[in-house]
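Knowing the structure of chain E, use the given hints to seat chain L on it.
From first to last, the protein sequence lines stand for chains E and L.
For the first sequence, the numbering used here begins at 1 and goes up steadily by one.
For the second sequence, the numbering used here begins at 1001 and goes up steadily by one.
FYI, nobody ran anything at the bench for these hints, they're computed from the structure.
Careful: at least some of the hints might be erroneous.
[Unchecked claim] Derived lysine to any residue pairs resembling SDA-like cross-links, with alpha carbons at most 25 Å apart: (1) E:Lys475 <-> E:Glu257; (2) E:Lys166 <-> E:Gln133; (3) L:Lys1025 <-> E:Ala294; (4) E:Lys362 <-> E:Ile344; (5) E:Lys290 <-> L:Ala1030; (6) E:Lys475 <-> E:Ile335; (7) E:Lys67 <-> E:Arg86; (8) E:Lys290 <-> L:Glu1033; (9) E:Lys290 <-> L:Ile1124; (10) E:Lys388 <-> L:Ser1063; (11) E:Lys466 <-> E:Asp351; (12) E:Lys282 <-> L:Tyr1111.
[Claimed, not checked] Quick partial rundown of chain E residues pointing at chain L, CB under 8 Å, derived from the structure: (13) Ala271; (14) His272; (15) Arg275; (16) Gly276; (17) Gly279; (18) Asn280; (19) Leu284; (20) Met303; (21) Ser307.
[As the list claims (entries may be wrong)] Just a sample of chain E residues kept apart from chain L, beta carbon distances all over 12 Å, derived: (22) Phe100; (23) Leu194; (24) Ala199; (25) Leu358; (26) Ala389.
Ideal placement from N, C-alpha and C gives every residue a C-beta, glycine not left out.
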Amino acid sequence: MTKHPLERSYKRLVENGRDLICRHHLDGRYSYVSASITRIAGWSVEDLLEKNPYDFFHPEDHEYIKKNSHKVVVDDFDQETLIEYRFRCKDGQYIWLQTFSQIIQFEGEDPEIYTISRDVTALIQIQTELSRQKKIIEDSGHLAKLGSWHIDMKDQKPIWSEMVRKIHEVPADFVPELDKAVEFYYEDDRPAILKAIEASQAEGKEWDLKLRIVTYKKNLKWVRAVGRVEKKDGKVTAMYGVFQDIHEDVVYAQTLERQRDRLSEISQILAHDLRGPSGNIKSLIPFLQKEELADERESIVQMLSDSADKLLNILETVVDMLKLELDEALPSEEIHINEFINQIWESLLPDKTMKLKLDLEKSLLVYNRLVLNSIIYNLLSNAIRYRKADRDLQVNIVYTIENNKEKLIIEDNGSGMDLEQNKNKLFKIGRSFHREPGSKGLGLFMVKNQIESQGGIIEVESEVDKGSRFTVWLKGKPGL
Amino acid sequence: MSATRLILIDDDRVLHFVMENLLKKLYTGAEVEHYFDGNEVVDVLGSFDPSSCALIFLDLKMSHTSGRDLLRQLEELDWQRPEKVQIILLSSSTDPEDIALAESSDYIEEYLVKPPEAAKVSDIIQRFKALL
Chain E
1 MTKHPLERSY KRLVENGRDL ICRHHLDGRY SYVSASITRI AGWSVEDLLE
51 KNPYDFFHPE DHEYIKKNSH KVVVDDFDQE TLIEYRFRCK DGQYIWLQTF
101 SQIIQFEGED PEIYTISRDV TALIQIQTEL SRQKKIIEDS GHLAKLGSWH
151 IDMKDQKPIW SEMVRKIHEV PADFVPELDK AVEFYYEDDR PAILKAIEAS
201 QAEGKEWDLK LRIVTYKKNL KWVRAVGRVE KKDGKVTAMY GVFQDIHEDV
251 VYAQTLERQR DRLSEISQIL AHDLRGPSGN IKSLIPFLQK EELADERESI
301 VQMLSDSADK LLNILETVVD MLKLELDEAL PSEEIHINEF INQIWESLLP
351 DKTMKLKLDL EKSLLVYNRL VLNSIIYNLL SNAIRYRKAD RDLQVNIVYT
401 IENNKEKLII EDNGSGMDLE QNKNKLFKIG RSFHREPGSK GLGLFMVKNQ
451 IESQGGIIEV ESEVDKGSRF TVWLKGKPGL
Chain L
1001 MSATRLILID DDRVLHFVME NLLKKLYTGA EVEHYFDGNE VVDVLGSFDP
1051 SSCALIFLDL KMSHTSGRDL LRQLEELDWQ RPEKVQIILL SSSTDPEDIA
1101 LAESSDYIEE YLVKPPEAAK VSDIIQRFKA LL
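Chain L on its own, in the form it takes in the complex:
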């Protein structure tokens, strides 16, 4: 079994700090990988194989390549999401359009409103762990 990866994609370093601290507590022993732009993770996701195992937090709005752009790029590449890879969409708004995107995309597991609440993140991790 491949190692579980925790990946955080957001252009806001405060969120990285907050999430890292939450994840460290809720997911003992996990190392968090930090990315600040959607573009930086296309290759990372592309290198996954069917047995890959990852929990990804993706910010919807980033100033360069946003989460939305990244999802579009993945679709264009016909990227297949491995079974044990979950993408959680992060957004600072409760815009119905954003929620609709989360629901319509096969890549997206869930929608998490910023600032992230510990209880919600904990639920997400429990569900992810149940998958493994």
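Next up, chain E with everything else stripped away, as it sits in the complex:
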């Protein structure tokens, strides 16, 4: 039987083409396989003929192939499908095939599935690698709490990455707006970012700033904001940048800095304050042996004893300070503040000329009991000790919350202090401003250290003859 020349040329095309062309019975078995199978998968044509193709498909892909191609075309002869799946080669390796399938039925013959398949392994590998790298970038962005944003000036709509949204703590349906985006920055930091954007618009410079934002949920967070403006023909076309949550790092750095300050303070005490009394003891001892000073021996011994007391006092302070630094975080507990303050006040035995007034926004305060005791005790006893003799003492304690930060204000109408020159000295060791006996100058120093160990801050305002006002930000000031 001779073949028609056109049929011969079609056959050559099919046999030598790069694609694999097959015919299948409706159950899938191969009824024709083009010779290209050998080049593509290593099998001979005979290896496949009348075999079930599912024996060659990757077991994990059987379901997918059946559902998305085989059943589709068999159920409806007019359907065509295009799917990708894994196919086993003669050497046992799998390749990715992309297969086009359709049903063709010639007159008087059974319908058959015609498939044209192409090896897309290289393409799939590139795709897999790309999505793997994308995932790595996303994952590392996640680890570094780093996200990206951009604004196309045409539509003025900021696009935030998932991480930028997460840093801002916005709900899923939140849509950022150009004008509102800057408002997320903490008020004090807005001028800095606006100035940076302006400079970038003018000079094309990049900005890289450490700033604070107030999140959607009203949390204050330190972020690193990097960005730049894109210009075309002198016009701003887009802005883009990255955004990183650096809150933990900043807080950690602040803690380290505080500890370093504290250690340098301790070393100051060791180098300077301890030298005073120990030097005194050293220089007093020879006088004890001098005959001509026999009359003064009693006062020399008294001076020695005072110096020894001072020495001990400073040593105890240093030990306390080191304890604050080295101990595990002091435990916080719920304290009924009204009762707590009143108990301390009563323990100071106030008389009729001394009044305490409390103005408490909340009745419970969560703090370390010892530290709170030290704050209240020291400030109240100072208020009593340094009251004005010619008027009744009035002490007011206010407990309030400002910008999410708790503060205690302890103010009195006592003799006050001249802070003009002495502001920095007030909380230093051994700095007593008053000459009354019993003032050792250690109380405020330890109070400051204890408050700082809780992340807090103490501030003072005072005027001679008017009184003093101490403000304790129990766990730090707003914005810090």
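Just chain L now, with coordinates in the frame of chain E:
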């Protein structure tokens, strides 16, 4: 010639006791004037005239007005140190900052570390006497 004055400014009474005893021995016949705060001597120094003659020991760190504060006040008053007035800075630390202050101030003759050693105080007195 005006009488020579020995002035001691320190808030620590032990130092007054020790220095007084040292000075009495090393500077025969001298009467020591005692002050316990920098503020108390501004007027004393202000009342000096060009022929005044004094050796002053000034503590750097006092709880109220320190030696540092006093020097600042004198500078603000544009106080002129008479030729025969010497100020010796007393400090219980060898802090480089304190030494730098002693060296940079025109008012300060020398820097003496506490507790004062008799030999050093003696040197200071010899040098002061040579000036007279």
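State the violated hints by number, sorted upward, taking the hints as numbered earlier in the document. Of the numbered hints given earlier, the structure breaks none, since each of them holds.
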